[in-house]
Amino acid sequence: MNIFKSLKRNKVAMVGFGILFLLVIIAIFGPYLYDGSPWKMVQRPFLPPFQDSKFPLGTDTLGRDVLAGLIHGARISLLVGLISTAIALLIGIPLGAYAGYYGGWVDEVLMRFTEIFQTVPSFALAVVLVAIFEPTVYSITGAIAIVSWPPVARLVRGEFLSLRSQEYVLAAKLNGQTNRNIILKEILPNSLSPIIVLASLMVASAILLESSLSFLGLGDPEIMSWGYMIGAAKTVLRQAWWLSFIPGVAIAVTVLSLNLLGEGLNEALNPKLSGNREN
Amino acid sequence: MKPLLKVENLSIRLPKGGDREFAIRNVNYNLMPGELLCVVGESGSGKSMTANAIMGLLPKVIEVDQGAVIFDDCDLISLEENRARDLRGNRISMIFQEPMTALNPLMRVEDQISEVFLIHTDMPASERQKRTLALLEDVGLPDPKKMLRAYPHQLSGGQRQRVMIAMALALEPSILIADEPTTALDVTTQAQILKLVKELQKKHNTAVMFITHDFGVVAEIADRVVVMEKGEMVELGKSDDVLNNPQHDYTKKLIAAVPPLAAPLREVKEHLEPPILSVKNLCKTYSTGGSWFSKARIVKAADDVSFELHRGETLGLVGESGSGKSTVSRCVVRLLESDSGQIILGGSEIQSLGAKELSPFRKRIQMVFQDPYASLNPRKTIGKIIADGPIAQGMSPKAALEKAAELLELVELPKAAIDRYPHEFSGGQRQRIGIARALAHDPEILVADEAISALDVSVQAQILDLIETLKKRLNLAVLFVVHDLRVAAQVCDRVIVMQTGKIVEIGETSQVFEAPAHEYTKGLIASIPGANWRSGNVEATPTELAEALA
Chain A
0 MNIFKSLKRN KVAMVGFGIL FLLVIIAIFG PYLYDGSPWK MVQRPFLPPF
50 QDSKFPLGTD TLGRDVLAGL IHGARISLLV GLISTAIALL IGIPLGAYAG
100 YYGGWVDEVL MRFTEIFQTV PSFALAVVLV AIFEPTVYSI TGAIAIVSWP
150 PVARLVRGEF LSLRSQEYVL AAKLNGQTNR NIILKEILPN SLSPIIVLAS
200 LMVASAILLE SSLSFLGLGD PEIMSWGYMI GAAKTVLRQA WWLSFIPGVA
250 IAVTVLSLNL LGEGLNEALN PKLSGNREN
Chain B
0 MKPLLKVENL SIRLPKGGDR EFAIRNVNYN LMPGELLCVV GESGSGKSMT
50 ANAIMGLLPK VIEVDQGAVI FDDCDLISLE ENRARDLRGN RISMIFQEPM
100 TALNPLMRVE DQISEVFLIH TDMPASERQK RTLALLEDVG LPDPKKMLRA
150 YPHQLSGGQR QRVMIAMALA LEPSILIADE PTTALDVTTQ AQILKLVKEL
200 QKKHNTAVMF ITHDFGVVAE IADRVVVMEK GEMVELGKSD DVLNNPQHDY
250 TKKLIAAVPP LAAPLREVKE HLEPPILSVK NLCKTYSTGG SWFSKARIVK
300 AADDVSFELH RGETLGLVGE SGSGKSTVSR CVVRLLESDS GQIILGGSEI
350 QSLGAKELSP FRKRIQMVFQ DPYASLNPRK TIGKIIADGP IAQGMSPKAA
400 LEKAAELLEL VELPKAAIDR YPHEFSGGQR QRIGIARALA HDPEILVADE
450 AISALDVSVQ AQILDLIETL KKRLNLAVLF VVHDLRVAAQ VCDRVIVMQT
500 GKIVEIGETS QVFEAPAHEY TKGLIASIPG ANWRSGNVEA TPTELAEALA
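Protein chains in written order, with numbering that gives the first Met the number 0: chain A, 0 to 278; chain B, 0 to 549.
Source of the hints: derived by calculation from the structure; they are not laboratory data. Predicted model, so just to flag it, every value in this text is computed and none were measured. It is possible that some hints are incorrect.
[Stated by the list, open to error] Label pairs and their calculated CB-CB ranges:
| no. | chain 1 | residue 1 | chain 2 | residue 2 | range |
| --- | --- | --- | --- | --- | --- |
| 1 | B | Ser-347 | A | Leu-124 | 52 to 58 Å |
| 2 | A | Phe-20 | B | Asp-110 | 52 to 58 Å |
| 3 | A | Gly-157 | B | Gly-311 | 44 to 50 Å |
| 4 | A | Tyr-101 | B | Arg-472 | 36 to 42 Å |
| 5 | A | Gly-102 | B | Ser-155 | 56 to 62 Å |
Idealized CB from N, CA, C, for every residue including glycine.
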């Protein structure tokens, strides 16, 4: 099974992949290539886009370069998205795996614990967490991870529940393999596909969550992010709509590309769907 | 007599990239009024394709290349969809393999059946109810009045299949197509359903096209037989002629691979050594559905089960589904925890051992699983799959891989298989890999849990032969869990017959088959389809069968 081969055949997913790739390049190298701080006041405030060739996207309420903000914001959005998703996976996968594999009271305890997090509205919880720990990029990433792991645990548990009674798992038990080995080497590799798909969608929702927090003024004040830009421009929406619109488009495009990629991965990793594609 | 249905030169093309160009090719046969025609073949032979084409059930990617199916002077293939649908519902109906999923779980039996009348006729409600009740009586369901109000989950598999048949016969079709309708059923239920189909066919003079893989079923009910091989029709003839005097080589092969029912004469072995495995008073109960408000349903899956197994012996564990035979085999290898009793393996009690103490005993008793597709981890190479066990027991990875290569040779697979993945192998080959994995520990006991029931009959014979050879060479004790009594008769030295968790009979195979002592055993043996065909003392052993196939 070659994931990349079947992904390549899916044009929509490749578009998503392409945009994302471009964003990552911008996030990594942009700040070095495009000279200019997102905080420095460089021109008159409210300069509309495409007026001054030095500042193609214009300036904001304080005369700061919007394009510079966009480029620096890409870095923070992607970083927060990826790292919080990674943390959420690190919490969710082991929890779900233990619950699904052992069942019984282990399952009961872990799932009730998961439900506690699921019953609290995730955005409200994130707001509270960030407010308690002071808004820094670390606390924001941590808060997003804490509100987004329960679906991972649920998914992994379901996969493990159905796979643990497969005959190859029984055979591994008969072989005298340890439970750890069975979980890591027999079951986990076979349940990776849905996890990868979910993870790609989680990155998208983490980016949205980070933007929403920044919009509410709960972003890291030291760091320029897309959500912060929209938040700062919300009072002048009628005079200078582009200040909200431009970072808004950036968020939308990023989330869209992740969704497209996620859907493409789902088809590529699901043998039934990728089989249909051949016909 | 004019044939009711004519299949003329029908070819159906498979999509590109399939394993062959045509699903079926140039198939020609007629269905006469009131006859029962069996279409028989192995999996992938295209035996269901014609029926699916008739019923308009072909997947979208598969198209009819050429040919026609003439019914009532119309070609069902080229007929306009609306007209064809009319004919299909009213005049031709179909029943399927899986009675569990073919009924809507949210509808009562009455509503499901009367829906047929509602759609195809303009009968008033009272008339519909009367006809529905009559149908239920017709298909021999107990207490039909009560049955009307039942939901599908309240019925057994056999009863559901009867409801399906009632629905199919509701409009008194001239043709009934049955696609493996008894494959999912137990042998005694199968016997009842076959009898019912035959009776109804006589009573209503319906033509039946019966698709099956089982030559026993053919012998039981068919008037004429069509044999399919890889999409080609290889033989067509009267049932007696085809079964007893097959003309085509493939038919001969298939029939030779059907194990004869009588047990071959075996010398009764004197066992001087103590048994390698003895199971004493094993009990296992399942309880389901219990909560604070309702009592749990308790099922005794193993009830005071005791037996002994010697080296070099094959002990069969036979019974219908729910008899507890799989539970016993899984308790014996300690995949399931039994409630009480003793399992003594080579002198040591292992029933109560904890996970740590059990570990050294694991390798002495190994299992071959039923489903060749689910029993191998799809993400591991064959070498890894076989070598993992010995590695877990402390062998060095290099030595374990060398051993895996030897084992592959032992189960007659090419050494090159070691670096390949399970999906590259056929069902039979996978089962060989499963056997190699079990043998990697040099076990003394091999438990085969329905190890051949998912395989085609010709492949079955080869795997049986392999197990027999290995048993002799390695002096293994084999516990053979099997529902197919024909297979049990051929390979087992002794058999245990189980019913609802209890052992009802245990004895030498020939004695159990020739003079069964218990009523239940008698019933089981009498239910085997085609019991009168290939029943005499046909002498072929699995070895000879495999030779005949080679």
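A quick look at each hint next to the structure:
no., hint, in the structure
1, B:Ser-347 / A:Leu-124: 52 to 58 Å, "holds (55 Å)"
2, A:Phe-20 / B:Asp-110: 52 to 58 Å, "holds (56 Å)"
3, A:Gly-157 / B:Gly-311: 44 to 50 Å, "holds (46 Å)"
4, A:Tyr-101 / B:Arg-472: 36 to 42 Å, "holds (40 Å)"
5, A:Gly-102 / B:Ser-155: 56 to 62 Å, "violated (29 Å)"
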